Amino acid sequence: QQPVQSPQAVILREGEDAVINCSSSKALYSVHWYRQKHGEAPVFLMILLKGGEQKGHEKISASFNEKKQQSSLYLTASQLSYSGTYFCGTEGGAQKLVFGQGTRLTINP
Amino acid sequence: EPEVTQTPSHQVTQMGQEVILRCVPISNHLYFYWYRQILGQKVEFLVSFYNNEISEKSEIFDDQFSVERPDGSNFTLKIRSTKLEDSAMYFCASSVQGPYEKLFFGSGTQLSVL
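Those sequence lines, one after another, are chains L and U. Mapping of the first sequence onto my numbering: residues 1 to 109, in sequence order. Mapping of the second sequence onto my numbering: residues 1 to 114, in sequence order.
One chain only, chain L, in its complex shape:
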């Protein structure tokens, strides 16, 4: 079962913040975040495994709620390079990572 992402699209000015949400109807073992720039392959951002976990690097961080049914990706003081489509991924089976429908982030100067 694929996770549900919201919003579908976000438009920001450089320097503004964004939050992208990823939710599931059942508790998850893990949640993954990837970013895909136009015409390129998805690139790994981070994995969260524990309920209540927060993780991040530079100005991009993520949280995983205690029930392990929702994760949020936080982009702080956005830069032009943050533009792209963000996908969360969750387990759809023992050897199967399935992605949400994506959130398109556009950062304008």
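Hints are computed from structural coordinates only; laboratory data are not their basis. Quick caveat, the model's predicted, so the values are computed rather than measured. Any given hint could turn out to be false.
[To be verified] Restricting the straight-line Cα-Cα distance to at most 20 Å, the calculated cross-link-like pairs of lysine to aspartate or glutamate (DMTMM-like) are:
(1) Lys102/U <-> Glu53/L
(2) Lys37/L <-> Glu1/U
(3) Lys102/U <-> Glu58/L
(4) Lys37/L <-> Glu3/U
(5) Lys96/L <-> Glu68/U
(6) Lys96/L <-> Asp62/U
(7) Lys50/L <-> Glu101/U
(8) Lys55/L <-> Glu101/U
(9) Lys96/L <-> Glu53/U
(10) Lys42/U <-> Glu40/L
(11) Lys102/U <-> Glu44/U
(12) Lys102/U <-> Glu40/L
(13) Lys96/L <-> Glu56/U
(14) Lys96/L <-> Glu101/U
(15) Lys102/U <-> Glu91/L
(16) Lys96/L <-> Glu44/U
Could you slot chain U onto chain L? The hints should help.
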């Protein structure tokens, strides 16, 4: 950083023809995957492969599709009789210990079925 390599980058074929998409995963990785992405849509799981056999496959991965690791380095996706709706970007990915860690994606093969 090591890379997953995919060839060709673009493939144009006629409906009904067979195509083989090729991937060279990262050398010490044990798990291999194919995903596809129709333009502007989400990245869809097709199949996972470990220890020379399919681990999981999606409902998309029907009898027209097959995967193979013909030697120690290549990982291929074959579509036996292509359909118009098979037109998509196909991504190969690999990981060291399974899908619950970082997946490394190749740059993709854009398949166009005419």
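Checked hints:
1. Lys102/U <-> Glu53/L: 17 Å, holds
2. Lys37/L <-> Glu1/U: With Cα atoms ~18 Å apart, lysine 37/L and glutamate 1/U stay inside 20 Å; holds.
3. Lys102/U <-> Glu58/L: Measuring from Cα to Cα gives roughly 18 Å; hence the hint holds.
4. Lys37/L <-> Glu3/U: 17 Å, holds
5. Lys96/L <-> Glu68/U: The given pair, whose Cα atoms are some 18 Å apart, holds under the 20 Å limit.
6. Lys96/L <-> Asp62/U: 16 Å, holds
7. Lys50/L <-> Glu101/U: 14 Å, holds
8. Lys55/L <-> Glu101/U: Since the Cα atoms of lysine 55/L and glutamate 101/U sit roughly 15 Å apart, the hinted pair holds (cutoff 20 Å).
9. Lys96/L <-> Glu53/U: 14 Å, holds
10. Lys42/U <-> Glu40/L: Measuring from Cα to Cα gives roughly 13 Å; hence the hint holds.
11. Lys102/U <-> Glu44/U: Given pair lysine 102/U, glutamate 44/U holds - Cα atoms ~17 Å apart, limit 20 Å.
12. Lys102/U <-> Glu40/L: 17 Å, holds
13. Lys96/L <-> Glu56/U: The hint holds at about 6 Å.
14. Lys96/L <-> Glu101/U: 11 Å, holds
15. Lys102/U <-> Glu91/L: Holds, at about 13 Å.
16. Lys96/L <-> Glu44/U: 11 Å, holds
The structure meets every hint from the earlier list without exception.
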